[in-house]
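Protein chains in written order, with my numbering: chain G, 1 to 67; chain P, 1 to 708.
You may find that some hints are simply not true.
Unchecked claim - Cβ pair distances, simulated, as ranges:
id	chain 1	residue 1	chain 2	residue 2	range
1	P	Q428	G	E45	54 to 62 Å
2	G	E41	P	N2	21 to 29 Å
3	G	L51	P	D298	14 to 22 Å
4	P	L495	G	L51	22 to 30 Å
5	G	I18	P	G176	22 to 30 Å
6	P	D298	G	R38	27 to 35 Å
7	P	A472	G	F25	34 to 42 Å
8	G	F25	P	K598	45 to 53 Å
9	P	I40	G	F25	49 to 57 Å
Source of the hints: derived by calculation from the structure; they are not laboratory data.
Positions of the beta carbon are idealized from the N, C-alpha and C atoms, including for glycine.
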Amino acid sequence: MKFSNYLSSIENVAIYPIITLILFFSVFVGALIWIYTRDKEYISELENIPLDNDNFNKNAENENESN
Amino acid sequence: MNVEKFNYDNQIVKLFLIATVVWGIVGLLVGVLIATQLYIPELNFGLSFTTFGRLRPLHTNAAIFAFVGNAIYTGVYYSLQRIAKARMFSDVLSKINFWGWQLIIVLAAVTLLGGFSTGKEYAELEWPIDILIAVVWVVFGINMIGTLIKRREKHIYVAAWFYISTFVTVAVLHIGNSIEIPVSFLKSYPVYAGIQDALVQWWYGHNAVAFFLTTPFLGLMYYFLPKAANRPIFSYKLSILHFWTLIFIYIWAGPHHLLYSAVPNWAQSLGTVFSIMLWMPSWGGMLNGLLTLRGAWDRVRDNPVLKFFVIGVTAYGMSTFEGPMLSLKSVNALAHFTDWIPAHVHVGTLGWNGFMTFGMLYWLVPKMWKTELYSKKLANVHFWIGTLGIVVWVIPMWWAGITQALMWKEFTPLGLLKYSNFLETVLQIVPMYIIRSLGGLLYLTGLLIAAYNIFKTMAQGSFEANEAAEAAPRGSITEKLKYGMIHRYLESKTLLFTALAFLAILLGGLVEIIPTYLVKSNVPTIASVRPYTPLELEGRDLYIKEACNSCHSQLVRPFRSEVERYGEYSKAGEFVYDHPFLWGSKRTGPDLHRIGGKYSNMWHYLHMENPRSMSPGSLMPPYPWLIENQLDLSSLKSKISAMRTIGVPYEEGYEEIAEAELNEQAQKIAADLLDSGILIDSDKEIIALIAYLQRLGTDIKIDVAENK
Chain G
1 MKFSNYLSSI ENVAIYPIIT LILFFSVFVG ALIWIYTRDK EYISELENIP
51 LDNDNFNKNA ENENESN
Chain P
1 MNVEKFNYDN QIVKLFLIAT VVWGIVGLLV GVLIATQLYI PELNFGLSFT
51 TFGRLRPLHT NAAIFAFVGN AIYTGVYYSL QRIAKARMFS DVLSKINFWG
101 WQLIIVLAAV TLLGGFSTGK EYAELEWPID ILIAVVWVVF GINMIGTLIK
151 RREKHIYVAA WFYISTFVTV AVLHIGNSIE IPVSFLKSYP VYAGIQDALV
201 QWWYGHNAVA FFLTTPFLGL MYYFLPKAAN RPIFSYKLSI LHFWTLIFIY
251 IWAGPHHLLY SAVPNWAQSL GTVFSIMLWM PSWGGMLNGL LTLRGAWDRV
301 RDNPVLKFFV IGVTAYGMST FEGPMLSLKS VNALAHFTDW IPAHVHVGTL
351 GWNGFMTFGM LYWLVPKMWK TELYSKKLAN VHFWIGTLGI VVWVIPMWWA
401 GITQALMWKE FTPLGLLKYS NFLETVLQIV PMYIIRSLGG LLYLTGLLIA
451 AYNIFKTMAQ GSFEANEAAE AAPRGSITEK LKYGMIHRYL ESKTLLFTAL
501 AFLAILLGGL VEIIPTYLVK SNVPTIASVR PYTPLELEGR DLYIKEACNS
551 CHSQLVRPFR SEVERYGEYS KAGEFVYDHP FLWGSKRTGP DLHRIGGKYS
601 NMWHYLHMEN PRSMSPGSLM PPYPWLIENQ LDLSSLKSKI SAMRTIGVPY
651 EEGYEEIAEA ELNEQAQKIA ADLLDSGILI DSDKEIIALI AYLQRLGTDI
701 KIDVAENK
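Bound-form chain G, shown alone:
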């Protein structure tokens, strides 16, 4: 049976899939725009969050590199 048969008794049902599609598509596009408009510095600040908070010493990264 077709999708429309099940939903035909809900009024104006066709609008719901369209609303959902628009919503999903705009979130996706929004995320893309947000990502591509961030500057490098901001992204690098973010991606270093897990690495820069070793309290024992701030230079842990360099030390480990040389190990």
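Given chain G, work out where chain P should sit, using these hints.
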């Protein structure tokens, strides 16, 4: 710049870490036992609480909620404090989270062994425990969101996004799937029936995989992989896209568990389409993890932590490719109900969850105990023995699944089923079952080695319950005055973000489920389908108690091979009184939807007493206690009225005469058994079970007869 001093709570991480190892051993041990029971039925020991049906949910619950669950808490409680640069929001909530969760695990183990089960996969626990789970989970959520609100770090790192979406979605799923009407202290019926119940269950079941086994571990990957590799993630931008696309798409894919079932076609197609789309974000995440190691592969060679992570992330990639492939209808027609599905699942749990957990433990323990790993060599042994274990587990099961499916579908040139006896197809794959259990044993051995190594590392190091830290506070007062409302808005982003994630996952669920509520025509009614008689209802509850649905489906798919083997394919309208639905997901034994009337009462009696007396070589465990135990009728009245409340048309006052009707039907069956030379009282459990089995799938037979 002023700097605040504070402490990280390592004690709570330590507790969860130990619980992870302990429950991991328990869960795997039960797994090895049930894998062995499949080819040595004597290992069921003839006792109710050691029989496969009781142990299988114990294994899945222990592996998912006890082992993986505690691993999630371990990783989240460690990493969240660091990326927020703050101690957990509340020590009291942390403790409630820990002890509450362990209490749930113990209660789960006891009730599952006792046969108290809702019959819904990965949601077997009964309603009082469901409530406890909801409370402890919300405590976890408050603790996590509270920590993020009082964080010192300006930004929220992507790992925390995954943690929040985990909290929000699991809460919604758990509550949505557990809406049930209590009958007694440890018995309830779901308000949904038949295909509705199936859709809700697999909306839950699929997303439990998504948001309990996947998103928290992606969060852990985004924290611990950069930590262990000592370099930032390959692409932070990709991780953001990964996050939003994953949580938006995942929630829609549930119906792919119900392909070729009685669920409406549009819902099945929806599940397939979204499953294929899901491949993209999944592989985006996998590549992001693996590419973090670009140019550092030499380090993988001598670092056990990275080795585990590499196999873990690769297993994630493999199972997220296999998943969309299995949701193609043509592949699913072959793979569904076979051992291919557990193979797919175990690539995920043993490879992805297990190895990510082990990598994390090997990194965390030396760090928190301020020492080196006791033995790198043992960790490498664990790595190889574990990897071998996965391979030896998974490959025989792929093989078994495809072999058996092809045998089910094979016809002779004359158009008859080549293997008309189901048991033939089972005996063919017994060698694969034997090899699989050895794979499990290898993997368990690896974990035992890890436990020893971790224990020795702890013993040689010195643990500090409160690790001192310092960081600048977020946003000074002058800044606040300067930015005013906007700044406050940005600060509240944690809650805004939580709300957005909630919205994203809710939409998918609603679109899937609402149509089945609103429109009656969605479930075409069949006039001859009647509610179960009181005796059949009690028999059905025994079927749930012994978890017969672990090994037997009740869903004949519309294939020539299945109609030929089992009878008419299953229609949606046949399940309208099934609270819960019992379609099952695996055919270790044959489908039972059309079993009613196929064999005599005597056959069922002797078969339950000792399956091999009726089917020589059968792998089914014996159920001798059903013959000895008296049927418990104490909640019959409340069962009838509960069923009426959720829409089963028992007449008002029917509960008053239900017991008399039950006895009448039971005496008929006992009399029939006596005619066959079996003397048994009519008040035994076996009578109710036989009544239920003989009823199964017979409603439409009446319909066909009347139409003729």
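Practice task
Using the beta carbons of A472/P and F25/G, state whether their distance is inside 34 to 42 Å or not.
Solution key: Roughly 40 Å apart at Cβ, these two residues keep to the hinted range, so it holds.
Exercise for the section: Determine whether the Cβ-Cβ distance between I40/P and F25/G falls within the hinted range of 49 to 57 Å. Expected result: holds, 55 Å
Handout entry: Hint check for K598/P and F25/G - Cβ pair distance inside 45 to 53 Å
Key = holds, 52 Å
Exercise for the section: Can you let me know if the beta-carbon spacing of L51/G and D298/P is within 14 to 22 Å? Expected result: holds, 20 Å
Practice task
May I ask you to test the hint 21 to 29 Å on the CB atoms belonging to E41/G and N2/P?
Solution key: Given range 21 to 29 Å: holds, Cβ gap about 24 Å.
Exercise for the section: Using the beta carbons of Q428/P and E45/G, state whether their distance is inside 54 to 62 Å or not. Expected result: This hint holds: roughly 59 Å between Cβ atoms.
Exercise for the section: Mind checking the hinted window 22 to 30 Å against the Cβ distance between I18/G and G176/P? Expected result: holds, 25 Å
Problem - Pairwise beta carbon distance, L495/P to L51/G, judged against the given window 22 to 30 Å - result: Because 27 Å falls inside the window, the suggested range holds.
Practice task
Using the beta carbons of D298/P and R38/G, state whether their distance is inside 27 to 35 Å or not.
Solution key: holds, 32 Å
Of the numbered hints given earlier, the model fails none.
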